[in-house]
Amino acid sequence: MSIESVLIIGGGLSGFTTAKELRERGFAGMLSIIDPEGMPYDRPPLSKDYLAGSKDATGIALAPASWYEENHVTIVTGTVAALDPDAGTATLKDGRVLAADRLVLATGGKARRLSIPGGDLPGVLELRTKNDADRLRSLLAPGVRLAIVGAGLIGAETASSARGFGAEVTLVDPVEIPLVPVIGEVLATRLHAMHAEHQVRTVTGIPEEITHDARGYRLALSTGETIEADVVLVGIGITAATELAEAAGLDTDNGVLVDERGATSHPRVFAVGDSARTRLADGTLLRRAEHWEHAMNAGSSAAAAILEQDLPVHGASWFWSDRHGVHVEGVGSMHGEGEHIVRMLDGVPIAAFRLDEAGLMLGAAAIDGGLTVRAARRIIDRLIKVDALALADPATPLKKLAR
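Here UniProt numbering is used: the sequence shown runs in plain steps of one and ends on residue 403.
Source of the hints: derived by calculation from the structure; they are not laboratory data. Just so we're clear, the structure is a prediction, and the values are computed from it rather than from any experiment. Any given hint could be a false lead.
[Said to hold, decoys possible] Simulated DEER-style distance windows between Cβ atoms: (1) R215 to H327: 19 to 27 Å; (2) G224 to L311: 49 to 57 Å; (3) G29 to L383: 36 to 44 Å.
For every residue, glycine included, the Cβ atom is placed at its ideal position computed from N, Cα and C.
Modelling step: build the complete structure from the supplied sequences, incorporating the hints.
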């Protein structure tokens, strides 16, 4: 069957990349992106540059308006209410019906809410959209008490940005040292200590109730402590937005189930990004990935599959984060058994690595060490055996080990 039209539902990075890759791979048919917010934009800056005000809406756009005109990509502002995979149609809430030969679900994720009394209070904020960031920014000012539940990437980044407004920030997390599975214990400990250095208070505990009165919010923790705040933000991860897929009869399990191409259980529908979860040929379900680069890679793979072209080859998974003036990157997996090696400089940990029994690198992370992580990725992808002592030596450039 000749593919003459593709309809992408969701304007995040994965949906945009699918459209971009389709055009770059020679697709000349009708191509549309539907999103409630209209023009696609990049979401990582929402907790960083955009929240801080150093970038505006234009600065986080994934492409200028001229790109869509030049590439004949139609942006449809609206919300899809239902899919009919057999007919290849998407019905919008306003009654419009759009049809295409292939449908791509790029619906992303929804902020996970606190399932506690008061967790659904109108003033308990989340940070998933530009509107969310705009609302939070409007509330930040010197002396404003901001309580952030969740000290992972989003929580830590937001805490850093909020300090720039002079807000008094408290980070609450059930884990004493967050991000250990992501970057290793030593680097995670250094990063966590930076909060105190920048006057961010960290509290270990689990919120059990949120109340609100004229004096503000009160978070009652499992430890018996109560935190008072003027603003509360919850950043405890996301849940996959699978409602459309479920209602349309597609296979789902903590995500829309797809193969390595992004194809769902219906031949006419693909799914990409945070909402998708890979199911291998033997039925094994992989963990749903939520990183920026994974979203981009999923879009490029789906575009190739739609056009029945060879799938692109992607390297080890990579992520980054910024907080308190430092840049953090990681590649592969730092979680699990193996030899964990730390690279120190003047007594300060700057990088960490994880090796298997054979000396093959499984993961790496670094603080202000982009070149180190880039070389580590090459080492992982090429299955290069490396010496543990050389990894620990800051005088040994990692690119030398990647040859």
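Evaluation of the provided hints:
Between R215 and H327 the C-beta distance comes to about 39 Å, which lies outside the given range of 19 to 27 Å. A hinted range of 49 to 57 Å for the beta carbons of G224 and L311 is consistent with their spacing of about 53 Å. Distance hint for G29 and L383: a CB-CB separation of about 40 Å, consistent with the stated range 36 to 44 Å.
In summary, the one numbered hint that this structure violates is 1.
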